[in-house]
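Student: Residue numbers (my numbering), protein chains in the order written: chain V, 1 to 476; chain H, 1001 to 1170.
Simulated from the structure, these hints should not be mistaken for laboratory data. Some hints here could point you the wrong way.
Computed cross-link-like contacts, EDC-like style, restricted to lysine to aspartate or glutamate with a CA-CA straight-line distance of at most 16 Å [said to hold, decoys possible]:
id: 1; chain 1: V; residue 1: K98; chain 2: V; residue 2: E433
id: 2; chain 1: V; residue 1: K365; chain 2: V; residue 2: E469
id: 3; chain 1: H; residue 1: K1142; chain 2: V; residue 2: D358
id: 4; chain 1: H; residue 1: K1166; chain 2: V; residue 2: E28
id: 5; chain 1: V; residue 1: K98; chain 2: V; residue 2: E35
id: 6; chain 1: H; residue 1: K1137; chain 2: V; residue 2: E349
id: 7; chain 1: V; residue 1: K97; chain 2: V; residue 2: D357
id: 8; chain 1: V; residue 1: K432; chain 2: V; residue 2: D351
id: 9; chain 1: V; residue 1: K150; chain 2: V; residue 2: D351
id: 10; chain 1: H; residue 1: K1142; chain 2: V; residue 2: D2
id: 11; chain 1: V; residue 1: K364; chain 2: V; residue 2: D264
id: 12; chain 1: V; residue 1: K97; chain 2: V; residue 2: D196
id: 13; chain 1: V; residue 1: K432; chain 2: V; residue 2: D357
id: 14; chain 1: H; residue 1: K1142; chain 2: V; residue 2: D7
id: 15; chain 1: V; residue 1: K159; chain 2: V; residue 2: D264
Computed footprint of chain V on chain H, listed as stretches where at least three residues anywhere in the stretch have a Cβ under 8 Å from a Cβ of chain V [stated by the list, open to error]:
id: 16; region: 1031-1041
id: 17; region: 1149-1160
One side only, chain V facing chain H, incomplete, derived with CB under 7 Å [said to hold, decoys possible]:
id: 18; residue: V62
id: 19; residue: S65
id: 20; residue: I68
id: 21; residue: E105
id: 22; residue: L119
id: 23; residue: M128
id: 24; residue: I131
id: 25; residue: E134
id: 26; residue: Q135
id: 27; residue: P139
id: 28; residue: G180
By construction, the Cβ of each residue, glycine as well, lies at the ideal position given by its N, Cα and C atoms.
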Amino acid sequence: MDITIQDYLNILPLIIIAAGILISVVIEMYAKNSEKILPWFSIVIFFSAGYYALFTVNSQSVLFSNMIVTGGTANIFFFLFCFGAAIVSLLSIDYLKKAGIYFGEYYILLQSAVLGMMLLANARDLVMIFIGLEQMSIPFYVLAGFNRKKHFSNEAALKYFLLGAFATGFIVFGMGLIYGSVGSMSIDAIMTKFGDVSTNAVFIIGVLLFIIGFSFKIAAFPFHMWVPDVYQGSPTTVTAIMSTGGKAAAFSALFIALSPFFGDVSFNIFKPFLSALAVLSMLFGSIVAIAQTDIKRMLAYSSISHAGYMLIGVTSGLASGTAGVIFYLAAYTFMNLGAFGIVSMLEGENDTNLKIDDYINLGKKNPLIAGLLSIFMFALSGLPPFAGFFGKYYVFISAIESGMTWLAIVGVISSVISVYFYLRLVVLMYFKEGNEGINPTVSNTALLGVVIAALIVILIGLFPGSIIELISTFVI
Amino acid sequence: MNLEIILFVIFSAIAVVSSVLMVTRRNAIMSALFLILNFGALSGLYLTLHAQFIAVVQVIVYAGAIMVLFLFVIMLLRPADDKGLLEEHPKMKWFAIGIGVFIFLQLAFVILFSSTVGSIVQAPNNIEIGTIQSIGKELYTKYLIPFEAAAFLLLAAAIGAIVLAKKKFN
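Isolated chain H (complex conformation) (with noise of 0.2 Å):
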């Protein structure tokens, strides 16, 4: 057993065990801090893979800045103590077992049993493929209508934001 397999292991559990509890957390502000948890984990599991870059930002952008702002509406907005949803329906609970139960079925279908094409590569065991240079590189020239176009969706999204929030139209 490798270090690559240990440090998986590790990882994963850490966000499994993480996500479970965040969603069962009755505290809005532990379910957030669990997420944190899981994302800090997510961004080992990228560093398994030799996506060091996607690390870093998924641990500055989502576990930092991001998260930053989900704890402050969560304590700005104060949720009340209410009682969960599913307790006020508790039929949904069953529904959602149903849901969770048909995905991880389908999920493990997918990697057990489907045979795939062949035509998914080894990715290259290359620690090249995660730097900055290699992710640049595929942005602006592969995927550079896509990176564009995601640049104006950002765009409408901003625009929309404000024409929703804004207090006052002149």
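With the rest of the complex left out, here is chain V (with noise of 0.2 Å):
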């Protein structure tokens, strides 16, 4: 095998956040104030690792004998995530402050916690797929227990960690039962052995296994129960990179184990079962959400419900769905970054101002915060000029061009039930009589963050059909 200065090119995403930790605990190590030297570091390297990925989005290609892709769609993902985690670095500024969290370990564990997203997202190969996994998951359960005095945090880090290593114990043993029939962890060795397996049922027992293990990760109906715990117990900040990163890096492993199936008639053994996962994810996530009174909670289950509308683009098994998927992905990466901003910039101190009945009266209080977080929130329900409209948009056509009409039926009747919880945080921002609620205080680079964020969702909402092409022509 040789190794050429172009393939550590078209790595170097990942080479510059690798060398970014080092760095980094270099800097923890020897700088006095480096909790103020870190967020901006991180920012910068998240920003050039993202800028590089866009701007190499062309080039793709496979490398080190097979185990890692580049290029196309892996590089779309790379810029979510590095992009998502450069806001969350702006956002965590004076969050950590406020929450008595103010130290630098937060960006190391961030970038790692992003690299696993990146290696996950370029994976060719089992074994990449199961080391990105856990580089992931291992910076995400510490940072849900960052806030060591406080016994949410605790319990959420205690419970995220518990049910995770459950979940990639279904991830590991799945993946034993596709090398056990297959004889080999690459993907590409599984695509030409395709016909030979496709019908066997260890092969599809392991996938299933690899499906169920993921569906915790993406928070799907069935395996949800850490959400509203782990992501109102974690620190704000920290379920912001959560919920969009993690959910996004979850969402392409699992195309990455598909791809072998999406156009083939063997896919229809998982059609059931990936579409009862959405349907009742979609519906348990809206109709919940109604019920809640704590605005991280709500967002928790939105997130499951989001996950749901997702799902039935990989259940329709098309190039589309999946292209369909990874522009509902950036859309709602950013609408759920700006979201929970929001909701960390507005915190008070020791988990105070996160009811929703906190929110009433923001529009006259500050109305530049409210115009966002009302911007998101349409966003969020699918209302049409932004990015949300247009995600369900594509999955459901996919939906329907894939003869599954009845999903995209059930996803618009969901829709329309989580819309009323989405505005009726608006109308308790601008329609409500009297002088309540809480006098926020901003801070500038959460707002910076915000705002970065809201263009974003809106330029996505604006030019939808450029996104979707550029996507498209890298999904085979």
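Take the two lone chains and join them into the complex the hints point to.
Tutor: Structure (structure tokens):
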């Protein structure tokens, strides 16, 4: 095997993040005020890696003994993770001070988690998927419990760790069965031998276990029990990256594992299972979110229902569905980051100001924040001018193309239900008499991050065609 | 019956018996000691598979270093002689038996009835494949990227452990 300079240039985003982790550790060791340097250093790292990934999106190649791929959808995911993490770093600067966890290690763990997501997204081998998954999850377990003094944060970390380990067990067992039936861990080998194994019971059970394990990670319905508690207990900025980057990375791994099946009749075996997951997640998330009084829990249930919408695109088994889900993930990453960003800005000390009722009259007290939050709520509920609408549109279209119109109809019904709780927040902010509610003090860096997220949400909503075209050219 | 099969039967019998004894002991230290025995038997099995380096590493790292840590922790924490989990929740026993039987049947199905696709090649019956040299070659060529990624995984885990366990932040 010969490794050329070009190979290293192709994996430069990975190298940048990896070098960033090592340099951050050194900075943390020697610099007195590392917690002031590291956020800006991470932003530079994330931005350069993300920009380079988008810049080289056309140079598709399979590298290092078929272990990883670069270019194409992998680079689009790189861009999502890196920009998402850059926005989270901006949000974290003042949030960590407020929460009493103003430590540099936070950013090292954030970079490690992003490295894991990137390894997941460009994996071409089950070994890489496993290592990437752990590289992503272990920093998340720690970040969830980063606020060691808080009981809730500890509970969230422990719950996430135990259930996450359980899910990893499923995934590894599934990988074992896949290896047993195919004789190789490489996706390419699975593709070439697919004709022989596609009806093999062991292989199918293996893939099914794999899907179940990743359903934990994407927070789909029967495997969602950890989501509300972990999202509520973790520091808000951690929840922001967990619910966006983590979910997108898990979806990218699902696509890699299912890619041999797409376009093959044997995919029909998984369709009932996947569509049941999708329907239950959508309806459960949307209906239970209505009853929530805590905004972080509400967004957690909304995240479950969004996993359902994205699963529709997976269920279709078409290239258009895959492209639709990637588009949806891009839109969802930035709108959810924005929503959690505003929650983290308004959050007071000791978990105060997190009730939905605390947002009453925000429109009068801070019109800018209220306006931004309304944009994110409109986008999340899928109203037309914003990014969320087109995400749902492409996903539903792919369901109709694959002859599952009923799935699209259930999706539309669920969206209509979800409009209630998203718009209730907007109504509370603008149309409530009286003078109750909180007087927020707003951090400038976090505001910058939220404004960037809002701009991206609007841009994706204005030019959905060119973005979906870009994604579609890379989805086979 | 050649020597290889005799050795396999001996080592696997030790492994099975010691793992059963490990989970049924009430005393945690006894369990740990049976786990060491199990690791030793496993390393014998690795030897019969021409993986002499892995066998040695198994003894040094697992049976040696890690189990010593285990024993230290058990002795330091001195778990009280409480009722076992199964005695407190008798219904869980049936659940556990059900899962165990299910996994056993699944493995039996895989081994006995499943038609392998013919892609599984018989490992070359060669003493060379288990040497440090050939393992190193594989690690630094074919598995270069996973190897480096695993290094970062360990770094992240170490930082995480320090963050969670550090006594006081400055």
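Student: Hint by hint, note whether the structure agrees.
Tutor: Here's how the hints hold up against the structure:
1. K98/V / E433/V: 30 Å, violated
2. K365/V / E469/V: 41 Å, violated
3. K1142/H / D358/V: 56 Å, violated
4. K1166/H / E28/V: Given pair K1166/H, E28/V holds - Cα atoms ~15 Å apart, limit 16 Å.
5. K98/V / E35/V: 14 Å, holds
6. K1137/H / E349/V: Not satisfied, since the Cα-Cα distance of roughly 54 Å exceeds 16 Å.
7. K97/V / D357/V: Roughly 25 Å separates the two Cα atoms, so the pair is violated.
8. K432/V / D351/V: Violated. K432/V to D351/V sits at ~24 Å, over the 16 Å cutoff.
9. K150/V / D351/V: Holds, because 10 Å separates the two Cα atoms, which is no more than 16 Å.
10. K1142/H / D2/V: At roughly 11 Å apart (the allowed maximum being 16 Å), D2/V and K1142/H satisfy the hint.
11. K364/V / D264/V: 56 Å, violated
12. K97/V / D196/V: Not satisfied, since the Cα-Cα distance of roughly 57 Å exceeds 16 Å.
13. K432/V / D357/V: 11 Å, holds
14. K1142/H / D7/V: 14 Å, holds
15. K159/V / D264/V: 38 Å, violated
16. 1031-1041: violated (count 0)
17. 1149-1160: The restraint on the region 1149-1160 of chain H holds, since 9 of its residues have a Cβ under 8 Å from chain V and three suffice.
18. V62: 12 Å, violated
19. S65: 4 Å, holds
20. I68: 6 Å, holds
21. E105: 5 Å, holds
22. L119: Cβ of L119/V sits 6 Å from chain H, so the hint holds.
23. M128: Holds, because the Cβ-Cβ distance from M128/V to chain H comes to roughly 6 Å (cut-off 7 Å).
24. I131: Hint on I131/V: holds, closest Cβ of chain H at ~5 Å, below 7 Å.
25. E134: 6 Å, holds
26. Q135: Holds, because the Cβ-Cβ distance from Q135/V to chain H comes to roughly 5 Å (cut-off 7 Å).
27. P139: OK, holds: P139/V within 7 Å of chain H, min 5 Å.
28. G180: 6 Å, holds
In terms of the numbered hints stated before, the structure departs from hints 1, 2, 3, 6, 7, 8, 11, 12, 15, 16, 18, listed from lowest to highest.
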